[in-house]
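Listed below, chain by chain, are the residues.
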Amino acid sequence: MEKIIEVQHLSKSFGTHEVLKDIDFTVKSGEVVCIIGSSGSGKSTLLRCINLLEQPTGGKIIYKGENILDDKHDIYQYRTKLGMVFQQFNLFNNHNVLSNCVVGQVKILKRTQKEAEEVAMKFLKIVGMDQYIKAKPKQLSGGQKQRVAIARALSMEPDVLLFDEPTSALDPEMVGEVLKVMKELADNGLTMLVVTHEMGFAKEVSDRVVFMDQGVIVEEGSPEQIFQNPTQERTKEFLKRTLPELA
Amino acid sequence: MIKKLKIQIIVVLFLMSFLFGGFVNVAQTVKAAQNNATTVENDNVFRVGMEAGYPPFNWTQQDDSNGGVRIAGNEEFAGGYDVEIAKIIAEQLGKELVIVKTEWDGLVPALQSGKIDAIIAGMSPTAERKETIDFSDIYYKSDLVMVVLKGGAYEEATSIHDFSGAKVTAQLNTFHYSVIDQINGVLKQTAMDNFTAMRVALQSGIIDGYVSERPEGVSASAKNKNFAMIEFSEGFVTNEEDTAISVGVAKNSELTGKINEILAGVSQEERQQLMDEAIKNQPGTDTEQSSISWVVSILKENGPMFVRGAGMTLLISMVGTILGFLLGLIVGVIKTIPVPVKKARRVLQRIVHALLAIYVEVFRGTPMIVQAMVIYYGSALAFGIHMNPVGAAIFIVSINTGAYMSEIIRGGILSIDKGQYEAAQAIGMNHFQTMCNVVLPQAIRNILPATGNEFVINIKDTSVLNVIAVTELYFQTKSVAGNNFRYFESFFVACVIYFVMTFTVTRILRYLEKRLDGPANYSMNQMQV
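Residue numbers (this note's numbering), protein chains in the order written: chain A, 1 to 247; chain B, 1 to 529.
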């Protein structure tokens with residue numbers, strides 16, 4: 001499988017505090033990778049470094065053979081290739097549902113309004129929000145907002161979709177509707193990189209699970225391998241704490 | 001939908017200025033003011049500055065009766081003793097007379113900066129003034145008097161010392177004020193800007209009397225039944241240069257000699273006759289009426305003056321607020337650009353920030369009236385730039401508003417959740433695109449109430465711009481009151497007009513806010529619409 005993103009020796013510090021230490025990992029086309037780990041382990045920072053919301057302090061991020069940390073690389077162009085779904089949804093409050101999905105296509109991809117609306121409607125249907133195109137974000141529930149946020153990211157037709165704890169800010173009864181959409185996308189072959197606390201989702205949907213602790217990747221492998229036969233002591237402990245039923 | 005709404009609001013505002021001023025009138029006024037500005041270099045005119053609010057020397061009237069002369073950049077006419085003298089001088093100079101209506105304190109700067117050729121405004125050639133401008137020979141000489149309330153404690157006074165213990169004042173920057181010290185035991189009050197203010201103060205009992213000159217005293221007591229004029233048997237000791245009145249001209253002007261020659265040809269009898277006529281002709285009716293019927297007759301007689309004044313006020317404050325808002329937007333956006341990675345750019349950003357900080361601090365930290373004086377007269381004195389007064393007024397209001405708005409807008413931008421920036425960046429927007437498409441629309445919605453505040457403040461604060469000869473509502477009201485001597489009634493009319501303007505603006509903005517917010521709940525029916 002073709003490598004889409006390859007992270008090499010990536011490090012990130014906030015002042016003297018080293019959040020990421022010498023991270024190496026790859027995402028291949030069509031893969032669903034889940035990053036798990038306890039709070040403060042650096043998994044969200046890793047995701048944010050990948051689309052440069054945080055500037056890494058060292059290392060390389062290779063996208064389709066080019067290091068995007070080179071000065072001359074067009075980071076805006078690069079970001080359009082990476083969709084991002086945030087924990088707090090971050091829908092544009094001044095735009096309605098349709099417009100949230102259209103504005104980026106028109107302003108950045110220079111699609112026509114009509115073209116952009118067609119694309120947006122296609123993805124709003126997929127996430128089941130096509131009935132709400134005129135609604136403003138403040139009129140929606142958390143689960144609805146997150147589904148629109150997914151449609152917005154998809155409308156840019158990115159190569160990879162990054163999810164930063166997409167269900168952590170949701171009421172429990174809304175988690176299901178969002179995970180269902182994500183599973184459908186995964187089944188359709190979308191490349192996804194998901195930071196999550198939803199162990200069930202990681203186990204069921206992902207092709208590969210990455211366990212992070214204290215700024216390093218401790219262990220990675222297939223879901224079966226990580227959840228049933230973890231080799232590292234720290235992985236075992238983490239799983240014991242989060243999934244007591246396994247112990 | 002929002003675009004349509006914007007157009008509606010602009011239409012409403014323009015309708016308002018049409019109602020209040022007539023857009024046509026304002027346009028005419030602006031055009032006239034421009035014509036005035038372009039005549040600055042014209043040698044065939046004789047531009048004379050006066051308050052047009054100091055009867056019987058000079059006043060404002062609605063038509064050209066009794067020899068009234070059209071005021072430049074205005075729909076009104078000036079009349080009075082000064083105007084008659086100005087006409088004689090202009091005629092013999094072979095030039096066309098142009099009357100420039102300017103506040104008292106703006107007269108000397110206007111002369112120095114070449115915006116007018118002469119001051120003929122009942123001005124005395126005092127030693128202090130002679131340091132900055134030259135004066136012609138005397139064209140009128142009068143005695144000092146005191147104006148008091150009829151039936152009051154001081155009506156029977158004969159000596160200035162009868163005013164021991166009385167609260168007395170006079171006009172700021174006149175010798176009238178300095179002679180008050182000659183009264184033993186007087187309670188000298190703070191000097192006032194103009195006669196209108198002093199008459200209001202006298203009528204309301206804030207002062208017991210004000211020092212004036214005979215012609216003004218005669219008219220004040222003739223027009224207002226509550227006033228009496230005291231002529232002293234034992235009066236103030238004065239210099240001739242103080243009680244006399246001369247034409248003010250620029251230092252070393254060749255006009256001085258010519259004017260002296262012309263004045264020499266006007267005999268004493270002729271002068272007295274002109275003054276008597278002026279006292280007789282000055283506007284204002286002395287019939288006894290209730291306050292309410294006064295308000296009605298003021299509106300009837302001076303309606304157009306109020307309307308034009310209000311139109312001018314609305315024009316300046318509206319254009320000033322819009323331009324100031326845009327200026328503030330630019331400054332606010334520049335101030336919130338994130339720190340660049342490259343060093344050269346960081347240095348550049350720091351320089352730009354420092355310059356913007358100076359701009360904001362200077363214009364927030366000084367009064368608008370002071371800025372108006374410095375910019376309008378200063379630009380003429382230092383660089384020879386003659387701004388059109390309305391243009392200058394809009395300029396001053398705009399940069400002032402810009403300084404305040406930039407901080408408000410910066411606050412509005414900072415109040416937007418960081419997630420909004422991140423989401424915009426994550427789909428590939430640069431800083432400019434993020435600002436235009438996501439952050440500013442939200443920030444502007446959040447600062448609408450503060451913007452409305454600025455607009456209301458501007459409507460009220462334009463009242464200081466009369467120092468640069470802008471005939472806005474407050475200046476017009478002062479002229480009306482100066483003519484009819486009905487201060488309370490005239491200012492009451494102005495009060496109502498100001499309130500109607502500010503209230504309407506506030507309501508329009510509130511409506512706009514509501515429309516932008518939309519309903520709190522989403523109903524599926526909306527889709528069918």
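Bear in mind the hints are in silico, worked out from the structure with no lab data behind them. Among the hints, erroneous ones may be present.
Below are the PhoX-like pairs computed for lysine-lysine, each with C-alpha atoms no more than 20 Å apart in a straight line [stated by the list, open to error]:
id, chain 1, residue 1, chain 2, residue 2
1, A, 3, A, 28
2, B, 514, A, 134
3, A, 28, A, 72
4, B, 343, A, 72
5, B, 130, A, 138
6, B, 130, B, 258
7, A, 64, A, 21
8, B, 343, A, 138
9, B, 300, B, 223
10, B, 342, A, 72
11, A, 60, A, 3
12, A, 107, A, 64
13, A, 107, A, 81
Non-contacting residues of chain A with respect to chain B, defined by C-beta distances greater than 10 Å in every case (computed) [stated by the list, open to error]:
id, residue
14, 8
15, 31
16, 64
17, 80
18, 88
19, 112
20, 172
21, 207
22, 233
23, 241
24, 244
From the three backbone atoms N, C-alpha and C, an ideal C-beta is built for every residue, glycine too.
Hint check results:
no.: 1; hint: 3(A) with 28(A); verdict: holds (4 Å)
no.: 2; hint: 514(B) with 134(A); verdict: holds (18 Å)
no.: 3; hint: 28(A) with 72(A); verdict: violated (25 Å)
no.: 4; hint: 343(B) with 72(A); verdict: holds (16 Å)
no.: 5; hint: 130(B) with 138(A); verdict: violated (70 Å)
no.: 6; hint: 130(B) with 258(B); verdict: holds (18 Å)
no.: 7; hint: 64(A) with 21(A); verdict: violated (23 Å)
no.: 8; hint: 343(B) with 138(A); verdict: violated (41 Å)
no.: 9; hint: 300(B) with 223(B); verdict: holds (19 Å)
no.: 10; hint: 342(B) with 72(A); verdict: holds (13 Å)
no.: 11; hint: 60(A) with 3(A); verdict: holds (14 Å)
no.: 12; hint: 107(A) with 64(A); verdict: violated (24 Å)
no.: 13; hint: 107(A) with 81(A); verdict: holds (15 Å)
no.: 14; hint: 8; verdict: holds (21 Å)
no.: 15; hint: 31; verdict: holds (20 Å)
no.: 16; hint: 64; verdict: holds (16 Å)
no.: 17; hint: 80; verdict: violated (4 Å)
no.: 18; hint: 88; verdict: violated (5 Å)
no.: 19; hint: 112; verdict: holds (17 Å)
no.: 20; hint: 172; verdict: holds (22 Å)
no.: 21; hint: 207; verdict: holds (24 Å)
no.: 22; hint: 233; verdict: holds (36 Å)
no.: 23; hint: 241; verdict: holds (29 Å)
no.: 24; hint: 244; verdict: holds (34 Å)
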